[in-house]
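Residue numbers (the numbering used here), protein chains in the order written: chain A, 1 to 452; chain B, 1 to 452.
No wet-lab data here; the hints were simulated from the structure. It is possible that part of the hints are untrue.
As the list claims (entries may be wrong) - Straight line, CA to CA, 30 angstroms or less: simulated DSBU-like cross-link-like pairs of lysine-lysine:
#1 A:Lys418 with B:Lys418
#2 A:Lys19 with B:Lys418
#3 B:Lys418 with A:Lys356
#4 A:Lys417 with B:Lys283
#5 B:Lys283 with A:Lys356
Chain residues, written in single-letter form:
2 protein chains.
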Amino acid sequence: MPEALEQDYTQKQLLEVNKALSSGMFVHVRRMLAHMADCDIALLIESSPYKGRAVLWQLVDPDVQGEILEELSEDVRSGIIAQMDPTLIAAATADMDVDDLAEVLRSLPDAVYQEVIGSMDSQDQERATLALSYPEESAGALMNTDTVTIRPDVTIDVVLRYLRIKGELPEATDELYVVDKNNQFLGGVSLASLLTSNPGLTVRSIMEDEYESIPVTMDESEVAQLFERHDWISAPVLDENQHLLGRITIDDIVDVIREDAEHSMMSMAGLDDEADTFAPVVKSTQRRSLWLGINLITALSAAFVASFFESTLSILPILAVLNSIVPSMGGVAGNQTLTLVIRGMAVGHINSANQKSLVYKELAIGALNGLIWAILIASVVALWQWDFNLGLVIAFAMFMNLLAAGMAGAFIPLLLKKMNIDPALAGGVILTTVTDIVGIFAFLGTATWLLI
Amino acid sequence: MPEALEQDYTQKQLLEVNKALSSGMFVHVRRMLAHMADCDIALLIESSPYKGRAVLWQLVDPDVQGEILEELSEDVRSGIIAQMDPTLIAAATADMDVDDLAEVLRSLPDAVYQEVIGSMDSQDQERATLALSYPEESAGALMNTDTVTIRPDVTIDVVLRYLRIKGELPEATDELYVVDKNNQFLGGVSLASLLTSNPGLTVRSIMEDEYESIPVTMDESEVAQLFERHDWISAPVLDENQHLLGRITIDDIVDVIREDAEHSMMSMAGLDDEADTFAPVVKSTQRRSLWLGINLITALSAAFVASFFESTLSILPILAVLNSIVPSMGGVAGNQTLTLVIRGMAVGHINSANQKSLVYKELAIGALNGLIWAILIASVVALWQWDFNLGLVIAFAMFMNLLAAGMAGAFIPLLLKKMNIDPALAGGVILTTVTDIVGIFAFLGTATWLLI
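Excised from the complex, chain A in its bound form (with noise of 0.2 angstroms):
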């Protein structure tokens, strides 16, 4: 029966096996957890706190603990995998989709690895070996072998009768293939159009041959751009010699497409890798340590600058007050252009024909939001502290460093990118360093000049 609403309905789980867990009352929760769907017990593992976790995971049925590992996302998993003797392992990847299974097997330290490998029947450490021979979040990496492929010239009546032997299809499959006695790609036939035509119909007369197919090196992010483009469902992995490899489907996609969203995000906050909200403690501070050194270097060498004006500031107090608003106008304001190249990059607008423009759109933004907030910063200093000439050096301090902001918000990931170089990385603190100093600079300097 339809059920009202799911997803109160989940949350509502979520907190009973909570309590459950909390009072002890182990069976009751094994219990609970044996009528849970498999992304349920996912999503539940994800969001219980670091140290429940292991609890939990010895009250899942080992039978489907295959199942929720390909729904873990890859931080939560490794801290499973890490807790499982490598049998155990060997016995829940045996039936993982070959994808799945090869990013498994990459979060292994190397021990781990060849005992499982070792564990694993010959059939399963074949597919191991294909599955890990793709490099990383390549479209191989992220296939699946599993197609059902067909010749051209058998009638379509024949094609049903096979399929009524075989019994069953593969998950997402939305086409059966077309290929030749040498597995050479020829086409596909959707499961609507087997439905819809006529039996007496060969293969050949109702494929669709003009197939814009994957290569196997493509990487994914370009390979979820297509997808998200054409409104696919599953598209053919092929090789060089447009051979049939095997087929990517959408739920993989969809994953790629949140991954790479939530990248940027995550990367541009320094939390790179840290996709669990609830990591131990002492590994969270490391990894956000790392941001927060290159920051305090950041944050020293803008005090460095500042302290050129040291006399200044001893004389004039006051500028010593009004220092932190020019920068930090010019943060937000770089920041904004940064997010918006970063993003246009990534969803592909942004090419080597209209990134030119881009820089003038940015420059003009920033001029004109430096003259709408320098008038306005200037108004104000102007009447707070009664002091025209102190609202004049300030405005031009504004100028200047909306001006620098968007020329480097636009600039940098441009840079960055055509060094190889993750913008959404690094962009961020190259950028403050650019407008904290332009804007200290801009400040204190204009102020010992005309008012000292």
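Given chain A's structure and the hints, the job is docking chain B onto it.
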């Protein structure tokens, strides 16, 4: 034939069109556009500077304008529609899916909307009214009414014959829905099981009836979470009496997932709604200025707090030099926590059962971070200025501010969510205000007390 490097090919195509466009070879451009896929034309328009778009749009074949409007992002689309004649809009929207139609109609100014509705035929008017009857961002607004339904008591053979007569299935159809004569939803039959089952069986015997369906009022982000968790390709939408209203397909869900994930990132930079990389300068400046205005108030508040310590600053100008370090570190650390919590809420990891342990965890990280960076900054400052007491003062301020940052970063989004305010939009400013003010107070206050 399969196309090897489609992505590169698309980029090359875009560059060629841009070149032809800027040399004024409009006839040539028109011919190129006629050979491009709709989704590629949409990408071309989205990656064109604002002025080029109107020219490009004139060169697009009116027969495909509707499909291209469907592919465009909301922001870019409304810019183009604003320049179109209402009768042309009506013509272009005639073949749209109901959900896209609603989106376009919602973006029209009232007068144009009336004109567009007026120039539609009565069938389209009905479709439009239905589409607009569901609230924006609900399952209803996302849903299409192109379901194919069958009865439970017929045999598969009958269904197969029905489908052959029908001749075509709506896009992304992976299952047919089973309803009784009152349109009450009973279950679904996948195309795969139609193809693999014995034609003599009844629909009832092969239909899936353990169904999680979607209530028409469910929020689109919740719908997306369900799709993601269950790897669905399409799902039925029901009213409160379990009548089938329509279905939602994965291609629309992919858009929701991308938009949701981007929305957080863009909102955190104060770029809410600005999905258009090449929006006109004045419009962009307007949109971004709200955020800059709020930030100016934050920066002025911080300056106001600092102004209490003007006499301290005039005695010890080194305090002015160092004053921005502690707020800066607090801002970065707090932003890490904030981003993590916003993302955790977006993917459904955070609920009332675990938010306490989340806050404790972030407080613990804040304390540990505080300790590390307090010791480090104390050493740097004590050595740089050869002043042990100054080192102690900045260490104390750093510890307090990183503790405050962890607490604020976790509490602010939880509180904002309870108040139904988007944490991604408002969280950052509130957080910065907290870490700026705590940082300045802790540093300058302690310095005034201990060093003066």
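A quick look at each hint next to the structure:
Proposed proximity of Lys418 of chain A and Lys418 of chain B is contradicted: the alpha carbons are some 43 angstroms apart, above 30 angstroms. For the suggested pair Lys19 of chain A and Lys418 of chain B, the alpha carbons sit about 22 angstroms apart, so the restraint of at most 30 angstroms is met. A C-alpha spacing of about 44 angstroms is found between Lys418 of chain B and Lys356 of chain A, which places the hinted pair above 30 angstroms, so the restraint is violated. For a cut-off of 30 angstroms, the pair hint linking Lys417 of chain A to Lys283 of chain B stands: about 27 angstroms separates their Cα positions.
The straight-line distance between the Cα atoms of Lys283 of chain B and Lys356 of chain A is roughly 19 angstroms, inside the 30 angstroms bound, and the hint therefore holds.
Figure legend: structure checked against the earlier numbered hints; hints not met, in rising order: 1 and 3.
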